[in-house]
Amino acid sequence: MEIILVGINHRTAPVDVRERLACPTTEVGAELKRLLSLSDVEEAVLVSTCNRVEVYCVSEKPLEASVAVRAFLGQHRGIPGDALDPHLYTYMGTEAVRRLFRVSSSLDSMVLGEPQILGQIKDAYRVAATHGGTQTLLNKLFHRAFQAAKRVRTETRIGAYAVSVASTAVELASKIFTELADRTVLIVGAGEMGELTAQHLLGAGVTKFRVANRTFSTAESIARRFGGVPAPLDKLADELLLADIIIATTGAPEPIITREMARAALKSRKNRPMFFIDIAVPRDVEPGVNRLDNAFLYDIDDLQGISDRNLREREAEAARAEALILEEVEKFGAWRATLEVAPTIIELRSRFEKVAKSELQKALQSVPEAGEKEKKALELLAHNIVGKLLHPPITMLKKCSENGDRDVARACRTLFCLESDGNEGESEDESDAEESDDY
Amino acid sequence: MSHTFIMTVLVPYVATTALYLYYFSAQSRSAEKAGLALLAVGFTAHTALLIGSYITLGRFPVIDLKESLCFFSWSLVALYLIVRLRTPSGALGVFVGPLATGFFIAACSITSPDRAPDARFMTALFPVHILFAFLGHAAFAFAGGSSIMYLLQERGLKEHRPGPFLRRLPSLQQLDAMNYHSLTVGFFMLSLGIFTGALWLHNVEGRFLKWDPKVLASVVTWLLYAVIMHTRLIVGWRGRRTAILSIIGFCCVLLTFLGMGLIKPGFHNFL
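So the protein sequences, as listed, match chains X and P.
Letter by letter, the first sequence follows residues 1 to 439 of the numbering used here.
Letter by letter, the second sequence follows residues 1001 to 1271 of the numbering used here.
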């Protein structure tokens, strides 16, 4: 049994390929069924997000299965095989495990450390589980991936620093003001970036929004979205008196907030601090505003610069995360090794039980006068002898396989003439293992 | 003060300082909590130490420089523990911890001169005067500390280069509020301290004023803080300007506290 990963992501394929291959959420289930109907695929999970389409599957014949999945991905979306092939990657075994752990921990994301990917992987797993796509191996694999992701998030600071312009603005605002919820935000203009920043502030708890715009109806429509109050642009000076955080995002060719306006506003606000977020190009706020006491002005380049620096800090944390991932991959490997030895253990036990049972029958036939009580005692005796005899070798078998030693299991099979090659009855004992290891 | 007794205060204080510095550099909340717990332990021992001295000496133990430094260290910790109970941030502890420990070590390293028992220091008003004056000074230390943090934070934000302090220090608004509360409490305490000091002097010597350098410096300090309060409350200054004034004010306090006593030994020569 081997774990196989076939897929594309934002590094290997341009968006026009990714969007053709992407699978709408509603169709993932049906797609999965088709995948599982491929002859060599035994378990499968399909992950489809805007940056990646990946199939994690389990097969007896990994090479055949990977070829089949590659062909499948191209066919059903109507992409000719040779057009898709250069973008597809295939990983097997430990490397496939490591890839999944990295993806779940957001080490492979376009924005390093972004938190959404884990939720998307969880969804993909849930869909596969409900469609019967996962059994022992993928169940365990995905649970371990979620565990790894959690460790990375709590033990490194990979998600700690803001890496977008909007979230950087919110982080800075929270270093100027204590309670963002009590602050008033003034949105000047109708830029997309400005609204995104306002959205982030809304998420951080801000409730009081005011919107100033040259076109009053635009102001009204933006204000409605944020539950705010609209105002015409010529009332800007009055609006400044009320605003703690000003998001400037107009298309005006000249600054619309001058140093004098800011100074006057600060004076009548009794110097309560003002935070100007100027995301407009050309700039809306005179740079001199930053030299006023209690006024803090950031333009788009300042914010971008900080985001970039934070991203570099995340990259430094990513190195630590990779080490954690390797640890988790190793742990998963150890678990798999115990899984491989399981069929031997089961067979060994059933062989012994069988002998005990037939000998018990013979013994009971020779003493027909034995009552219920005596029968029970004899049964227990036979069962206990088997259990006690098998306990040390089984413990040793498990231990050796955890350490990667497969010779002991092989020797055991030879010694006790366990004829089958170990695959027989595997699904049965896998479900046993799953029960004991379930989350 | 027995050697062992001093160690029961000194060891927790030094450990607290180390934990607070670690908390600040590694941003570890648990280090801050452990530091706070140790500070409380040290403070309890410190209080016991002062009560012990009171009993053996038969007077309030704040007569000479050694005793004053020891008591100022106690005032700083007492005020910090009160403030910390009311605010979730331990940032001020990074400033107060080393300061209080430093004063305590200074107190331990000098010896008290022999002094004949003086009836003037046995009156009930004397400890009241001392307590108000010292807590006032401690509050001004807090105002100074939060102002230093404010200036660091403000510079980072103004220069658009958020350095290592940005994430470690509280928000500007919070630091400004700390400064405001410290100034208010300090000013109130110092006023009461001067008032009760005058009353005490009247009781023991029959006059309200005695012009020694310490009294003069205290009045100047009081006037300076009166001006700071005025600019803050009436003129509407806040933030950077108030922070700078608060730091200047605290320098005056240190000068009054240590400097004046050293220049001319009057009856305040101990302070």
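No lab work stands behind these hints: they were computed from the structure.
Mixed in with the good hints there might be a few duds.
[What the hints assert, rightly or not] Straight line, CA to CA, 27 Å or less: simulated DSS-like cross-link-like pairs of lysine-lysine:
1. Lys331/X / Lys375/X
2. Lys399/X / Lys388/X
3. Lys122/X / Lys354/X
4. Lys1033/P / Lys267/X
5. Lys208/X / Lys1158/P
6. Lys331/X / Lys267/X
7. Lys388/X / Lys376/X
8. Lys61/X / Lys267/X
9. Lys1158/P / Lys150/X
10. Lys375/X / Lys388/X
11. Lys1158/P / Lys270/X
12. Lys362/X / Lys376/X
[To be verified] Where chain P lies over chain X, by a calculated footprint (3+ residues, C-beta under 8 Å):
13. 74-88
14. 170-183
15. 268-282
16. 298-311
Quick caveat, the model's predicted, so the values are computed rather than measured.
Glycine residues also receive a C-beta, built at the ideal position from the N, C-alpha and C atoms.
Here is how each hint holds up against the structure:
{"no.": "1", "hint": "Lys331/X / Lys375/X", "verdict": "violated (46 Å)"}
{"no.": "2", "hint": "Lys399/X / Lys388/X", "verdict": "holds (18 Å)"}
{"no.": "3", "hint": "Lys122/X / Lys354/X", "verdict": "violated (43 Å)"}
{"no.": "4", "hint": "Lys1033/P / Lys267/X", "verdict": "violated (41 Å)"}
{"no.": "5", "hint": "Lys208/X / Lys1158/P", "verdict": "holds (25 Å)"}
{"no.": "6", "hint": "Lys331/X / Lys267/X", "verdict": "violated (63 Å)"}
{"no.": "7", "hint": "Lys388/X / Lys376/X", "verdict": "holds (18 Å)"}
{"no.": "8", "hint": "Lys61/X / Lys267/X", "verdict": "violated (76 Å)"}
{"no.": "9", "hint": "Lys1158/P / Lys150/X", "verdict": "violated (36 Å)"}
{"no.": "10", "hint": "Lys375/X / Lys388/X", "verdict": "holds (20 Å)"}
{"no.": "11", "hint": "Lys1158/P / Lys270/X", "verdict": "holds (20 Å)"}
{"no.": "12", "hint": "Lys362/X / Lys376/X", "verdict": "holds (15 Å)"}
{"no.": "13", "hint": "74-88", "verdict": "violated (count 0)"}
{"no.": "14", "hint": "170-183", "verdict": "holds (count 6)"}
{"no.": "15", "hint": "268-282", "verdict": "holds (count 4)"}
{"no.": "16", "hint": "298-311", "verdict": "holds (count 4)"}
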